[in-house]
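Engineer: Going down the list, the protein sequences come from chains A and B.
The opening position of the first sequence corresponds to residue 1 in my numbering, with each subsequent residue numbered one higher.
The opening position of the second sequence corresponds to residue 114 in my numbering, with each subsequent residue numbered one higher.
A few of these clues could be false.
Stated by the list, open to error - Far from chain B, some chain A residues (derived; all Cβ distances over 10 Å):
1) 7
2) 54
3) 70
4) 86
5) 90
Unchecked claim - Listed next, with one range per pair, are the computed distances between beta-carbon atoms:
6) A:10 x B:214: 21 to 29 Å
7) A:28 x B:122: 21 to 29 Å
8) A:16 x B:180: 44 to 52 Å
9) A:51 x B:222: 45 to 53 Å
10) B:127 x A:18: 44 to 52 Å
As the list claims (entries may be wrong) - Part of the chain B face toward chain A, derived, beta carbon under 10 Å:
11) 120
12) 149
13) 158
14) 196
15) 198
16) 212
17) 219
18) 220
None of these hints come from the bench; they were simulated from the model.
Each residue gets a CB set at the ideal place from its N, CA and C atoms; glycine is no exception.
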Amino acid sequence: SAVISQKPSRDICQRGTSLTIQCQVDSQVTMMFWYRQQPGQSLTLIATANQGSEATYESGFVIDKFPISRPNLTFSTLTVSNMSPEDSSIYLCSVGGQGGEQYFGPGTRLTVT
Amino acid sequence: KQEVTQIPAALSVPEGENLVLNCSFTDSAIYNLQWFRQDPGKGLTSLLLIQSSQREQTSGRLNASLDKSSGRSTLYIAASQPGDSATYLCAPGAQKLVFGQGTRLTINP
């Protein structure tokens with residue numbers, strides 16, 4: 001299994017500012033995934049982060065709003081830019097295991113005021 | 114586009130009951146299906162992974178079955194306990210997972 005940590009665990013931010021969320025994995029992985037869970041909703045995939053290439057974004061998500069970095073095989077960041085209250089969500093990163101299962105980090109709870 | 118539906122949306126039962134949670138999906142060309150639990154405000158804990166060549170998986174009091182042809186999976190929880198209270202999510206897919214809305218389960222002592 002993979003052990004995933006995220007920083008910060010939670011934050012309260014003002015409208016118009018940006019927040020960068022970090023995701024650290026205890027093993028090298030090819031792909032890392034970023035999900036968003038809006039209040040009362042299920043998880044939605046934002047993008048896939050590959051080391052050494054641009055992230056691939058899902059429909060409805062754009063790089064200008066959610067820039068992603070992937071500097072090495074154990075680390076990734078997701079930035080939520082120019083935040084509005086609609087960005088208040090839990091943001092989770094995940095990685096795949098060797099057996100095909102997906103593992104998730106503890107999440108970052110973001111509140112935008 | 115894969116769509117996932119979970120029934121019931123919420124369930125409240127007394128401790129000790131056996132439960133069945135249902136998951137249906139529209140695209141049967143899936144590679145895997147995974148069941149997770151999510152405690153309030155927390156991340157996801159993987160419960161069971163069923164690969165496409167498998168029909169079911171068991172872990173302790175949990176048993177998950179998969180019928181790809183009908184686009185259905187069920188999670189069976191035996192002898193439920195208050196600690197089982199959580200939201201249960203099913204997610205078909207290999208790496209890019211599509212999630213249902215979940216079943217919010219409450220086990221009453």
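Engineer: Now, for every hint given, state plainly whether the structure supports it.
Structural biologist: Here is what the structure says about each hint:
{"no.": "1", "hint": "7", "result": "holds, 13 Å"}
{"no.": "2", "hint": "54", "result": "holds, 16 Å"}
{"no.": "3", "hint": "70", "result": "holds, 15 Å"}
{"no.": "4", "hint": "86", "result": "holds, 19 Å"}
{"no.": "5", "hint": "90", "result": "violated, 8 Å"}
{"no.": "6", "hint": "A:10 x B:214: 21 to 29 Å", "result": "holds, 23 Å"}
{"no.": "7", "hint": "A:28 x B:122: 21 to 29 Å", "result": "violated, 39 Å"}
{"no.": "8", "hint": "A:16 x B:180: 44 to 52 Å", "result": "holds, 49 Å"}
{"no.": "9", "hint": "A:51 x B:222: 45 to 53 Å", "result": "holds, 48 Å"}
{"no.": "10", "hint": "B:127 x A:18: 44 to 52 Å", "result": "holds, 48 Å"}
{"no.": "11", "hint": "120", "result": "violated, 14 Å"}
{"no.": "12", "hint": "149", "result": "holds, 8 Å"}
{"no.": "13", "hint": "158", "result": "holds, 8 Å"}
{"no.": "14", "hint": "196", "result": "violated, 19 Å"}
{"no.": "15", "hint": "198", "result": "violated, 18 Å"}
{"no.": "16", "hint": "212", "result": "holds, 4 Å"}
{"no.": "17", "hint": "219", "result": "violated, 16 Å"}
{"no.": "18", "hint": "220", "result": "violated, 21 Å"}
Violated hints, in rising order: 5, 7, 11, 14, 15, 17, 18; the structure is consistent with all others.
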